[in-house]
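> The chain contents come next:
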Amino acid sequence: MQQALYAFLMILLTVACFLMMAKLYARLAFSFLIPVLTSTFLIIVILVACKIPYESYMEGGKWINSLLGPAVVALAFPLYKQREFLKKHLVLIIGNVAIAGFVGMVSVALIAKSFHLDHSLSLSILPKSVTTPVAMAVADGLGGRASMAIVGVMIAGIFGTMLAPYIFRLFGVESSVGRGIALGSASHALGTSKAAEYNELAFSMASVSMTLNAIMSSLLGPIIAWLLLS
Amino acid sequence: MFSYIGTVIQNFFHLIIPGSIIGLILLFLCLCLKVVPVQLIDQGAGFLLSILTLLFVPMTVGIMKYPFLLSWQGLLLFAAVLVSTILTIGISGLSSQFFEKSAEKRKEDQKCNKRYTHSS
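First to last, the sequence lines map onto chains A and B.
Using the working numbering, read the first sequence as starting at 1 and increasing by one per residue.
Using the working numbering, read the second sequence as starting at 1001 and increasing by one per residue.
Straight-line C-alpha distance at most 20 angstroms; calculated SDA-like pairs for lysine to any residue: (1) K113(A) to P222(A); (2) K1107(B) to S175(A); (3) K88(A) to S1095(B); (4) K87(A) to S175(A); (5) K88(A) to C1032(B); (6) K51(A) to L5(A); (7) K87(A) to C1030(B); (8) K1065(B) to Y54(A); (9) K1105(B) to V91(A); (10) K88(A) to E1108(B).
Every beta carbon over 12 angstroms from chain A, so not counted as near; a handful from chain B, in silico: (11) E1108; (12) D1109; (13) Q1110.
Since the hints were made in silico from the structure, they are not lab data.
Ideal Cβ placement from N, Cα and C applies to all residues, glycine included.
Work out the full structure: start from the sequences and follow the hints.
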């Protein structure tokens, strides 16, 4: 009973923090303050201050986490709504997601190598642009550590989403298609939800890119790891 | 529900692609083939997608388990991922935009050509 109450409290804490930060974000409209980042920070501060270990936080957190799978499945819905557009531009999308996946993995491999990063760490962050469950599986298959893969994925997701508006301005990327593909294939589901802020087209582009990138990276990952990190 | 089916399929075939992605593809196919009516998932999917970022929070809080990130290696790792992500977003955004525009241009050219052949 007490445990259930505890779990409930943790869920409440998460949702409350998130809603508060979402409101703040809506009011200030400042892309550095994306709710995921600010509420993560706030929750960590609260947990540390109250000396609650992560494991007991996850008693509640795992319930929220368990909705993540169905939510990813639900991305099929915007895809379906844009199916005509997808059919027409299939080659464009596949080609660009392949470019994105390739650039993403090769660049992180080369940078990690030039930094002399630990070998198993480099392998773990190789699939950083892929949605978490895939990244864990890929890193594991490559001989990296799944837990480190999550860290890489989170950094790519949070900071990619945060910086994307500035990057788009810098490089002059204005089309919804370009923005959607870039966000989906570099910052997976977090980028996809950022793309939803632009318009429906960017949103579905991003969710297609995320899906395709997940599939391609699980095939491409071993090859790049073998070529660049062995 | 589709997520569950996806996971079952994943376990069955020992695939590296996770259940949720398989579920996504399955649901998409079912919608296209009209096996599942759109109205059935409209509300549920809309709701889940509207809280998508909230669902990530517990996982991102997991970063607190890695005080290692404050070390030198952690900083390097952070920098590597960050730079690579910026490159990926910039390059893929540009290339998508470029190819999209050139595809549109080609279509316009084709239209023009047709007009010419008609007039001649």
